[in-house]
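Enquirer: Given next are the chains, with one letter for each unit.
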Amino acid sequence: EPEVTQTPSHQVTQMGQEVILRCVPISNHLYFYWYRQILGQKVEFLVSFYNNEISEKSEIFDDQFSVERPDGSNFTLKIRSTKLEDSAMYFCASSGTGDKFNQPQHFGDGTRLSIL
Amino acid sequence: AQSVTQPDIHITVSEGASLELRCNYSYGATPYLFWYVQSPGQGLQLLLKYFSGDTLVQGIKGFEAEFKRSQSSFNLRKPSVHWSDAAEYFCAVAGFGNEKLTFGTGTRLTIIP
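Going down the list, the protein sequences come from chains A and B.
Position one of the first sequence corresponds to residue 1 (the numbering used here), numbered consecutively onward.
Position one of the second sequence corresponds to residue 117 (the numbering used here), numbered consecutively onward.
Read the hints as simulated data drawn from the structure, not as lab findings.
No experiment lies behind these values; they were computed from the predicted model shown.
In this text, a Cβ means the ideal position worked out from N, Cα and C, and glycines have one as well.
Incorrect hints may have been included.
[What the hints assert, rightly or not] Computed, partial: chain B to chain A, Cβ under 10 angstroms:
no., residue
1, F167
2, A210
3, T218
4, T226
Only chain B is shown next, with the shape it has when bound in the complex (with noise of 0.2 angstroms):
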């Protein structure tokens, strides 16, 4: 079965600085990965995603996610937080057939000015 760790709760940044937001999922052949993001009282947006190829993903609002086979990872940064970047982010993960997703248990992202 997968499942996903997303070791920090609750993760505090200085607007402007860097983040990382770290995820370890465990599947047993390559997973399809994804990142979400949730805000107060609002849907999940999908962030980005790895299906396969290129390790180093690109997503929206400048976030990117890289994919590493080895340490069964799959971490969310950022150079510079802003202020809206504030929310809860899920990583997930789906096996063959992607579409049942597990989600992790979600990084809350507060960020002071």
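Next up, chain A with everything else stripped away, as it sits in the complex (with noise of 0.2 angstroms):
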């Protein structure tokens, strides 16, 4: 079954530096998402990606962070300056292969990201 690749698995970055996180989505979804569960709390939405452009994206989404799909297969996350807060898990998903009101959403195993 085709699933949701995320690299790499644990991420350790000091506190104002920036980190990538990066994401192979299913090869023919149309529809992509991040992720974050802080330890302890529970999963929320970042932001959604399709046709090369943000459709949604949360409050936790701000100027920090982007995304980008720099070719055909990835799909990356990136945190400009970390912060200590930013600690969490990271989970990639990707849907739609065409209808997304009728797709769900895959999810990769995450990327743990640790801030020092």
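Can you join these two chains into the complex? Each is in its own frame, and there are hints to help.
Expert: And the structure:
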């Protein structure tokens, strides 16, 4: 079964540094998402992306965050200047071979981001 | 705004016993509803979904869920649990557009022999 792949599985970064989290969505999917889960808390929506632009973002997704689909397979989340509170598990998801209204989101295994 | 409540933080059941995990949602129209399972160190695996139609939906691993509009509920059930079902279970809702998923806080399931 096709999978969403995320790399790295664990990223340790100094506060203030830039970090890029990478995702390879399922190959024929058209909609892409990032979520995060702070330890012990619920999974929170960050951003959705379709047709090379952001379609929706949460209040968490401020100017420090950006997303990009640099080629036909990768989908990245960049945090420009990391803060301690950015420490979390970040999940990538994808959905929709054409009709997003009847397609569930499929998640990767996540990248655990630790800010020191 | 949409929201999800999972009132049970932790449930313990014996192997072979039946299971019901509760989920209540808040949304002004007919929602899209999902259950995901997360094993330790793993991602979120889709168990089942409700989009429309039959209110009793079947999923993977022998799970089912029933959408009850009058109670704003989408409870997950399994007639006989296996030790491998021990995990964290998340209920989620999406509104019109089926893009932003809003998750509940999760229910941790422990299975005892």
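Enquirer: Against each hint, give a clear statement of whether it holds in the structure.
Expert: Quick rundown of the hints versus the structure:
| no. | hint | verdict |
| --- | --- | --- |
| 1 | F167 | holds (6 angstroms) |
| 2 | A210 | holds (8 angstroms) |
| 3 | T218 | holds (7 angstroms) |
| 4 | T226 | violated (17 angstroms) |
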